[in-house]
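Participant: Construct the complete structure from the given sequences, taking the supplied hints into account.
Our numbering applies: residue 9 is where the sequence shown begins, and numbers increase by one.
Mixed in with the good hints there might be a few duds.
[Stated by the list, open to error] Pair ranges (Cβ atoms, derived):
(1) SER79 - GLU219: 43 to 49 angstroms
(2) LEU103 - GLU48: 37 to 43 angstroms
(3) MET9 - ALA157: 18 to 24 angstroms
[Claimed, not checked] Dumping the calculated SDA-like pairs for lysine to any residue here, alpha-carbon to alpha-carbon at most 20 angstroms:
(4) LYS131 - ARG105
(5) LYS122 - GLU87
(6) LYS122 - ARG78
(7) LYS180 - ASP197
(8) LYS180 - VAL218
(9) LYS131 - GLU11
(10) LYS131 - THR119
(11) LYS131 - PHE92
(12) LYS180 - THR63
(13) LYS37 - LEU109
(14) LYS201 - GLU47
(15) LYS122 - ASN96
(16) LYS37 - ARG78
(17) LYS180 - GLN144
(18) LYS131 - ASN96
(19) LYS180 - ASP205
(20) LYS180 - TYR202
(21) LYS122 - GLU134
(22) LYS194 - THR63
(23) LYS180 - GLY160
(24) LYS122 - ASP141
(25) LYS131 - LEU121
(26) LYS194 - ILE50
(27) LYS131 - ARG117
(28) LYS201 - PRO149
(29) LYS131 - HIS94
(30) LYS122 - THR135
(31) LYS131 - LEU109
(32) LYS212 - HIS94
(33) LYS122 - ALA181
(34) LYS201 - ALA181
(35) LYS201 - ILE50
Honestly, the hints are just simulated from the structure, not real lab data.
The beta carbon of each residue, even a glycine, is placed where N, CA and C say it ideally should be.
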Amino acid sequence: MIECVLFDLDGTIVNTNELIISSFMHALKENNLPALTREEIIPHMGTTLQQQMSTFSGLQDTSVLELSYRSYNYAHHDELIRSFPHVNETMEGLLSRGIKLGIVTTKIRPTTLKALEMFDLLKYMETIVTVNDVSQAKPHPEPVLTAVANLGVDPARTLMVGDSAVDIQSAKAAGVRVAAVAWSLKGEDTLRKYGPDYIIHDMKDLYTIVEQETKQP
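Facilitator: So this is what it looks like as structure tokens:
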């Protein structure tokens, strides 16, 4: 049975898509680098900021770009992020079933907490693993395994929910089941290529997964 559900943050339980895309476009423009389209940015979302900036700029040292990104991102955070349907309702429902909840993200801790607090999601999370808490980010299994260890749960009884390839890869490498969200900007067809155990089209679909897993011998 499922005793723990872990969530990615960006694009999974909080709609930060426009904020992230706008922040990348701003950072590139402010540093006189060639502009990128949304379509060029979206496939890389989910990896670390440094990895994305290096890919977009061709630079090894991306510290100045990261400063531009974070400055814009923080200034426009509350203006550009949105909620996804049924998230808080589903968190309540999972907790009522005795399931432990946590966050596993490649964001830094300050903006992770800021987003969770904005939508009143922080209170549901028993562990929060950010890029600041691990030496290897997703797709490495360390972030998921860190959350599992923090909660004292069995990886085989854990479900990871995410919107990107790195979420699926990290979960599978950690021996955790994984549900990909169909509202990912990357598209359902792209995520299916990475072999998630489930695709959900509404957050409340998690109830069905939990019930199915509980019935299995």
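Participant: Has the given pair, LYS194 with ILE50, been kept, meaning a C-alpha gap of at most 20 angstroms?
Facilitator: holds, 7 angstroms
Participant: Keeping to a limit of 20 angstroms between CA atoms, is the pair of LYS180 and THR63 held or broken?
Facilitator: violated, 25 angstroms
Participant: Could you grab the alpha-carbon distance between LYS122 and GLU87 and see if it respects the 20 angstroms cut-off?
Facilitator: Holds: LYS122 and GLU87 sit about 13 angstroms apart, inside 20 angstroms.
Participant: Check whether the Cα positions of LYS180 and VAL218 lie no farther apart than 20 angstroms.
Facilitator: holds, 18 angstroms
Participant: I want to verify a distance hint. Is the separation of the beta carbons of MET9 and ALA157 within 18 to 24 angstroms?
Facilitator: holds, 20 angstroms
Participant: Does the alpha-carbon distance linking LYS37 and LEU109 stay inside the 20 angstroms limit?
Facilitator: Violated, at about 39 angstroms.
Participant: Does the beta carbon distance between LEU103 and GLU48 stay inside 37 to 43 angstroms, or does it fall outside?
Facilitator: holds, 39 angstroms
Participant: Within 20 angstroms, alpha carbon to alpha carbon, are LYS201 and GLU47?
Facilitator: Answer holds: LYS201 to GLU47 is near 19 angstroms, not above 20 angstroms.
Participant: For the pair supplied as a hint, LYS180 and ASP205, confirm whether the alpha-carbon distance does not exceed 20 angstroms.
Facilitator: Between LYS180 and ASP205 the Cα gap is close to 9 angstroms, so the pair holds against 20 angstroms.
Participant: For a C-alpha distance cap of 20 angstroms, please report whether LYS180 and TYR202 respect it.
Facilitator: Distance of about 10 angstroms is within 20 angstroms: holds.
Participant: In this structure, is the beta-carbon distance linking SER79 and GLU219 contained in 43 to 49 angstroms?
Facilitator: holds, 45 angstroms
Participant: Holds or violated: are the alpha carbons of LYS122 and ARG78 at most 20 angstroms from each other?
Facilitator: holds, 13 angstroms
Hint violations for this structure: numbers 12, 13 and 33, all remaining hints satisfied.
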